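Residue numbers (this note's numbering), protein chains in the order written: chain A, 1 to 239; chain B, 1001 to 1607.
Simulated from the structure, these hints should not be mistaken for lab results.
The structure presented is a predicted model; accordingly, all values stated were derived computationally and were not measured.
Treat the hints with caution; some may be incorrect.
Have a look at the derived ranges for each label pair, beta carbon to beta carbon [as the list claims (entries may be wrong)]: (1) B:Pro1542 - A:Ile196: 38 to 44 Å; (2) A:Thr143 - B:Lys1027: 53 to 59 Å; (3) B:Met1506 - A:Leu188: 28 to 34 Å.
Pairs of lysine-lysine, DSS-like flavour, derived with a Cα cap of 30 Å [what the hints assert, rightly or not]: (4) A:Lys217 - B:Lys1577; (5) B:Lys1577 - B:Lys1039; (6) B:Lys1536 - B:Lys1555; (7) A:Lys19 - B:Lys1536.
All C-beta atoms, glycine included, are put in the ideal place defined by N, C-alpha and C.
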Amino acid sequence: MSETTTLTNVKTGTWGGGKSPFSISYGKLMMWIFLLSDAFTFSSLLVAYGFIRHSYASNLVTPWPSPDHVFNHFPFLHGVHLPLMFVSLMTFILIFSSVTMVLAVEAGHRMAKKEVGMYMFLTILGGIGFLSCQAWEWTQFITGTHEGRMLADGSIFHGANLQMNQYGPTPFGDLFFIVTGFHGFHVLSGVVINIIIYLNVLGGTYEKRGHYEMVEKVGLYWHFVDLVWVFVFTFYYLI
Amino acid sequence: MSNQNLNQDNHGHSDDHGHHKETFISKYVFSMDHKMIAKQFLITGIIMGTLGMAMSMIFRLQLAFPDMKFPFFEGIMGHWGKDGKLDPNFYLALITIHGTIMVFYVLTAGLSGTFSNLLIPLQVGARDMASPFLNMLSYWFFFLSSCVLVSSLFVDGGPASAGWTIYPPLSALPKAIPGSGTGMTLWLVAIILFIASALLGGVNYITTVLNMRTLGMKMTRLPLTIWAFLVTAVLGLLSFPVLLGAGLLLIFDRSFGTSFYLADIPADMAGGIERVGGSPILFQHLFWFLGHPEVYIILLPALGITSEVIATNSRKPIFGYRAMIGSILAIAVLSFIVWGHHMFITGMNPFLGSVFVLGTLIIAVPSAVKTFNYIATLWKGNLQLTPAMLFAIGLVSFFISGGLTGLFLGNAALDINLHDTYFVVAHFHIVMGSAAIFGMMSGIYHWFPKMFGRMMNKSLGYAHFWLTFISAYCVFFPMHFMGLAGVPRRYYANTAYDQFSTFVDMNVFITIAALIGGAAQLLFLFNFFYSIRKGKKATQNPWNSNTLEWTAPVKHLHGNWPGDIPHVYRWPYDYSKPGSEVDFIPQNIPEEGQTDPLQEMASQHNH
């Protein structure tokens, strides 16, 4: 038995086979690889955005609108010009939910079931908060402003749909819906997965299993979704 | 005990794996055993391949005899072949679905799906894939995707007809051509299911190779097949998501009235909604960002199989093992930065074009390294000309002759003249189509005993090889000359142009060669299905090969090895080693003075 113990503790060389070179389970490695792949899906949408926006760089007839003038509303504050304030709040909520996720993972390492549960709950709240904000933002974008835009036939068009919008060229609205929509879909999936994991935590599944690795795995996904939002925020709203 | 733990990598598998009860459903249908999933991929791939080949026979008949009537057309295609004449719209549908099937369903899923699944766990020394469940899902997504694609043949308006590259606006406007309607929608659904399958498979392949190698299986002791499958999976994982993104935008353009890919289309042509502001070139960029790596997703597994088959059957170590790995990696990296060479004539900045030319021509370097290494391995080898070996050598031949024309097409200036002609058709059918099919055939003949425990018939194999090899050259080689003369691809008939009348006889010749090649595949189909049931019983290591899969018993076990997983002490190419009595030393045989790797590492550690 003593020999066995010494052998399992031997340094066998990182890539020598017989163990994971990164010392992680196959599930966590798969999550990393999946996220790498998903990053390329988001990249393709952001590249499409960059490609089309660039083609409007010298278009003076229908210039690409400045996000400062489109996203300048805040709930209960009518008529106040608050450029990007609301979307900054959304970003803050989402990033804060990442912090609570980190705390949940950390508590998992200590096998502190109650704390994991509490922080998972806060993370879920953050996710739902972000999605609610996004719903408000979409409503605002779709209904549009009082001024609207005068069309060629003299009528006024308010807000936005997939076919046209009052703010600028059609692809501006299309890309808003597809890029933030695809991200929102990821957040929604993340919230659903988090709820499942949360229920498992409460039910003691991971307590019995002896580790909270599932919390870590969904944590990876959650941080990824937040990271993607940072890029969406930068490219779509800030630039 | 400790060995077992290390080998098992703590993923819930254990030795008593083979003992639980298996029903018909869990063994043959929703199987989670990688060997069964490999067979499922192979047989689905063969069925799809037969379908794709049959389509090519129909449009080859049309091209050779544009004025003739074939009454059986009406029998098999209904109103698309009315009075024995092929409908021009259906001709487009046939070439589209032929391309889609061959590229995605046969040479991606049929090739990677089969051999990655079969060989990765067996050759790295693992009980199964990292996640057998996801592996099963991967097959069933592929199966579903195949069903959707095949069902699109029967919808109103016919299947997708915009070419396998589905460029907008033909693919983006449902009313553009008959195939742009339901058929195109089903095509997109099929491809999205396919991408899901490819991603699930790829995640598994990479994880298994990285995480689950048996003790002693260093990365530099992996067979080249595994290196090829690993890099292929990485390519797929990074490029298919981009096609997913592109397809998503296309679906929005088709169904929800957006204008991502539509630059300036009046409302009456686009479902009542004016489409402005997008760009069809955007689609081409996104598509070819997948499309070019896809070429190597197809080729690399075939090249990996060839490396293994050629080394085994030359009874020599593969020449330049590390150079082979290096060239696989170089090809993989380069394949992501050359997609623009499919788009030279889209009006891109000539400077950008020259960057893509440079990258494209640089790919010739690692490709040539591989070719020379194959030839150097064959040189003065003790050649065992099995059917698998012949197909592997055939691949090298196609890889050379098709690769050379790539140098012409990769040049932006020459491409102005050559693009969209039969020169392109000739090029990619030789270097990607024929070469990869030959790699796949080589793999089937070589690993058939591993898959089915029986041998395929050798004589039929030789007949299959020679007929296929000669007919493939007869079909595709003359197309170069047609392309140089300007004959455009994808045309229903070239009778309207006097200058192409010189090629009438050549078209007949090509079609006859194609029919012979098609008939040769029937030999293969017969041999394949007959040998599954009635073939000669295989021995455990029929080719005297070094790799680990041949240390597993002929009869498949769920869990692969009855006892412990073998440990690995050497690289897989110790053939005809000087001083050794036998001409092969399997990877699980210790070197002289070598003890168990664990003991060895322990003693190193103690020093």
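> Is it true that the CA of Lys1577 (chain B) sits at most 30 Å from the CA of Lys1039 (chain B)?
Replying inline: Distance of about 34 Å is beyond 30 Å: violated.
>> Given the hinted pair Lys217 (chain A) and Lys1577 (chain B), is their Cα-Cα distance within 30 Å?
In response: It is violated: about 47 Å lies between the C-alpha atoms, which goes past 30 Å.
> Does the Cβ-Cβ separation between Thr143 (chain A) and Lys1027 (chain B) fall within 53 to 59 Å?
Replying inline: 58 Å, holds
> Are Lys19 (chain A) and Lys1536 (chain B) close enough, with their CA atoms no more than 30 Å apart?
Replying inline: 39 Å, violated
> Has the hinted range 28 to 34 Å been met by the Cβ atoms of Met1506 (chain B) and Leu188 (chain A)?
Replying inline: Taking Cβ atoms as reference, Met1506 (chain B) and Leu188 (chain A) lie about 58 Å apart, which means the hint is violated.
> Is 38 to 44 Å a correct range for the gap between the Cβ atoms of Pro1542 (chain B) and Ile196 (chain A)?
Replying inline: The hinted range 38 to 44 Å is violated for Pro1542 (chain B) and Ile196 (chain A), with Cβ atoms some 49 Å apart.
> Does Lys1536 (chain B) pair with Lys1555 (chain B) here, judged by a C-alpha cut-off of 30 Å?
Replying inline: 14 Å, holds
In summary, the structure is inconsistent with hints 1, 3, 4, 5 and 7 from the numbered list given earlier, while agreeing with the others.
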